[in-house]
Amino acid sequence: MAELQRPTLCCCRKVLAVPGNKSCEGGRSLAHCRLVDVASASNFHSFKLRHFHLDLHLNFAVKRMTGWQVLELTPVQPGVQSLILDTHPSLLIHSVDCKVPGASGAPDVFLSLTYRIEPFTDYGSSLNISLPAAVVRPHRALRVTIRYPTTDGPATWWLDAELTCGQTRPLVFTQGHSVCNRSFFPCFDTPAVKSTYSATVRVPEGVTVLMSASRSAYSKQDRVFQFSMEYPVPAYLVALVAGDLQHADIGPRSRVWAEPCILTCAVSKLGGNVERWLNVAEGLFGPYVWGRYDIVFLPPSFPIVAMENPCLTFIISSILESQEFLLIDVIHEIAHGWFGNAVTNATWEEMWLSEGLATYAQRRITTEAYGEAFTCLETVFRLDALHRQMRLLGDNNPVSKLQAKFEPGVNPSSLMNLFTYEKGFCFVSYLSQLCGDIKRFDSFLRAYIEKFRFSSVIAQDLLDFFLGFFPELKESCVAEREGLEFERWLNGCGPPLCEPDLSAGRALTGPVQHLCDLWGMDAPDPQVISTFDLSSWSTFQTVLFLDRLLDRSPLSQEVMSLLSSCYSALLDGMNAEVQIRWLQIVVRNSFYPDLPRVRSFLHKHTSRMYTVPLYEDLCGGVMKCFAVEVFYQTQARLHPNLCRTLQQILFQSSALNTSTAPSLLTSPPSAPSSPTDPPANGTIALRDVNVSA
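Using this note's numbering, read the sequence shown as starting at 2 and increasing by one per residue.
Since the hints were made in silico from the structure, they are not lab data. Every residue, glycine too, gets a C-beta built ideally from N, C-alpha and C. One or more of the hints may lead you astray.
To be verified - Each computed BS3-like pair below joins lysine-lysine, with the alpha-carbon atoms no more than 27 angstroms apart:
1. K64 / K221
2. K195 / K475
3. K195 / K100
4. K64 / K49
5. K270 / K605
6. K221 / K270
7. K195 / K221
8. K49 / K270
9. K452 / K475
10. K49 / K452
11. K625 / K605
What the hints assert, rightly or not - Label pairs and their computed distance ranges (CB to CB):
12. I439 / D161: 43 to 53 angstroms
13. I439 / G273: 19 to 29 angstroms
14. P205 / R645: 43 to 53 angstroms
15. R441 / Q528: 46 to 56 angstroms
16. F533 / S444: 36 to 46 angstroms
17. E163 / R489: 28 to 38 angstroms
18. G511 / K221: 55 to 65 angstroms
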């Protein structure tokens with residue numbers, strides 16, 4: 002979701018007890034233990050949030066949302082004196098009012114409340130609202146109204162027309178994962194809290210608004226959109242997009258939204274596949290409970306590849322180039338309809354409960370829809386990336402834990418890494434192997450969704466339910482099996498304790514490894530190599546081949562020349578997922594003859610997922626001057642947030658003094674007189690982190 006940062010991790014915190022060792026007396030852990038979410042300043046334990054309503058006016062001219070929020074709450078503890086919500090400095094509180102329903106027919110009570118803003122972390126603040134004792138009674142409802150405008154905070158991305166696909170009208174979208182929505186509206190910004198919500202959004206003429214909601218209506222005369230989400234969701238899954246958007250139906254419960262210039266392409270890429278994937282998923286995991294499954298394609302400035310907002314998946318338009326990556330990303334977001342949205346991880350320290358299970362579910366869907374070989378190929382490609390990340394981090398890095406504990410103040414997004422997805426997937430696969438029959442495990446997952454639907458869980462909930470569903474496994478003490486203990490899976494550093502059997506994909510992965518081995522010889526034989534036709538390979542085969550070549554860097558200039566003569570022209574005609582990997586090989590091996598291809602690629606592609614990896618590689622080697630030149634040529638078409646990221650990469654500071662830069666821009670660097678190996682680069686680029694939510 003962003004570049005992997007290295008958070009300050011706390012390894013001494015008491016670990017979650019494994020099944021059989023009750024960490025609190027009786028029943029389900031969340032019902033009896035006080036859950037701690039160090040990423041939230043709120044006192045969410047003190048209230049039951051029943052519903053909230055947003056009333057917003059969007060002003061594109063000044064890039065501001067103005068309006069109010071109404072929270073319907075019930076205190077659940079005696080003696081509550083304040084309501085504490087998560088907020089952000091970009092969200093400016095104007096007033097706070099309270100309405101308390103009168104008792105026994107008495108009139109409602111309206112009060113203006115005092116409040117204060119207090120610092121919390123660099124990603125948010127706390128809004129502390131004083132509640133008079135006379136109106137706060139356990140289990141008696143109250144309604145709090147907060148009036149505010151919000152500016153350009155972490156959740157809200159205002160795009161000028163030049164940054165959209167059509168380049169004709171501006172667009173705005175929100176991105177709440179993990180803790181950004183506190184800059185969109187004050188909230189209990191924790192996945193442990195779920196509620197229904199509604200919204201009224203007022204916009205200029207010609208603007209279409211979409212939200213992650215189950216129902217919507219539009220008044221053309223008033224230019225007002227109404228939304229309602231009838232199912233409880235956590236704050237981070239509330240999302241909005243507004244701009245020049247049109248739609249086309251692609252199934253009985255699915256619709257594609259996009260700017261007019263890319264709508265036809267999006268529809269042609271997806272066709273009737275979405276309904277097919279939904280049907281397969283329902284056959285495996287039970288009914289899809291959200292009603293609609295719509296997709297909106299967003300401009301390249303969208304900071305991640307895809308986001309599983311309920312009823313409305315957000316996905317970056319850049320992915321339309323690659324049919325196979327598009328397929329995987331959409332199916333992954335569909336899987337979140339069960340794992341992540343219906344049943345959610347209660348804290349960000351256990352994101353694997355969402356991403357690991359969704360990745361497993363995604364692969365069950367692709368196996369049913371496209372066969373085991375295809376799924377194995379995609380899994381090999383992802384596990385290769387996991388082990389690549391492991392080599393960079395080291396086996397003992399605590400970020401590789403499934404239960405990665407972090408200190409207060411650490412942004413949960415920094416834990417968004419491949420371990421969350423792939424190590425989590427391997428653990429879920431191990432659980433499926435324990436029960437001995439994948440269909441029996443499908444039945445368990447259906448029962449798990451039915452049991453915990455619309456709630457938030459911790460790992461102990463999942464594992465206790467697993468052992469209760471398979472009592473014979475509990476009796477045989479599988480949770481304590483030596484070397485594969487559940488506690489070790491959750492709290493041990495390093496790679497997965499075991500990986501699933503992927504031999505069913507050997508017909509697709511075998512030729513890839515064979516060709517890699519040929520290129521690894523001291524003197525590659527062009528005649529033998531020419532017998533491999535990459536144009537007949539799938540995208541996943543090609544990117545697996547290029548990734549493994551990249552792992553072999555540095556390569557000699559002779560090998561690079563031969564690689565270029567064999568593949569450069571062919572790869573030019575392939576999608577961006579293929580091209581970026583070849584260009585990373587070019588950059589990391591300082592192969593100057595193909596540098597114009599790097600320039601062309603960076604002029605064409607302005608999304609974070611394609612720019613950041615190349616700029617990191619350029620600056621990690623001997624091509625920094627070239628990188629600076631290309632940045633100045635393209636920065637007008639980059640989102641300001643991405644510009645800041647690239648400036649940090651280029652100049653190792655958060656701001657750029659352009660008056661000192663011209664000396665770097667005189668001309669492209671000339672090729673060195675002798676081959677130069679790129680220095681070892683320990684940077685973990687966005688490409689090394691998972692690309693979808």
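Evaluated hints:
1. K64 / K221: Given that 27 angstroms is the threshold and the Cα spacing comes to 22 angstroms, the pair holds.
2. K195 / K475: violated, 32 angstroms
3. K195 / K100: holds, 22 angstroms
4. K64 / K49: Roughly 33 angstroms between the alpha carbons, so the hint for K64 and K49 is violated.
5. K270 / K605: holds, 21 angstroms
6. K221 / K270: violated, 31 angstroms
7. K195 / K221: It is violated: about 32 angstroms lies between the C-alpha atoms, which goes past 27 angstroms.
8. K49 / K270: Outside the cut-off at roughly 43 angstroms; violated.
9. K452 / K475: Holds, at roughly 19 angstroms.
10. K49 / K452: holds, 21 angstroms
11. K625 / K605: holds, 19 angstroms
12. I439 / D161: 43 to 53 angstroms: Since the Cβ atoms of I439 and D161 sit about 50 angstroms apart, the hinted range of 43 to 53 angstroms holds.
13. I439 / G273: 19 to 29 angstroms: holds, 27 angstroms
14. P205 / R645: 43 to 53 angstroms: violated, 28 angstroms
15. R441 / Q528: 46 to 56 angstroms: holds, 51 angstroms
16. F533 / S444: 36 to 46 angstroms: holds, 43 angstroms
17. E163 / R489: 28 to 38 angstroms: With a Cβ separation near 52 angstroms, E163 and R489 fall outside 28 to 38 angstroms, so the hint is violated.
18. G511 / K221: 55 to 65 angstroms: At 59 angstroms between Cβs, range holds.
Violated hints, in rising order: 2, 4, 6, 7, 8, 14, 17; the structure is consistent with all others.
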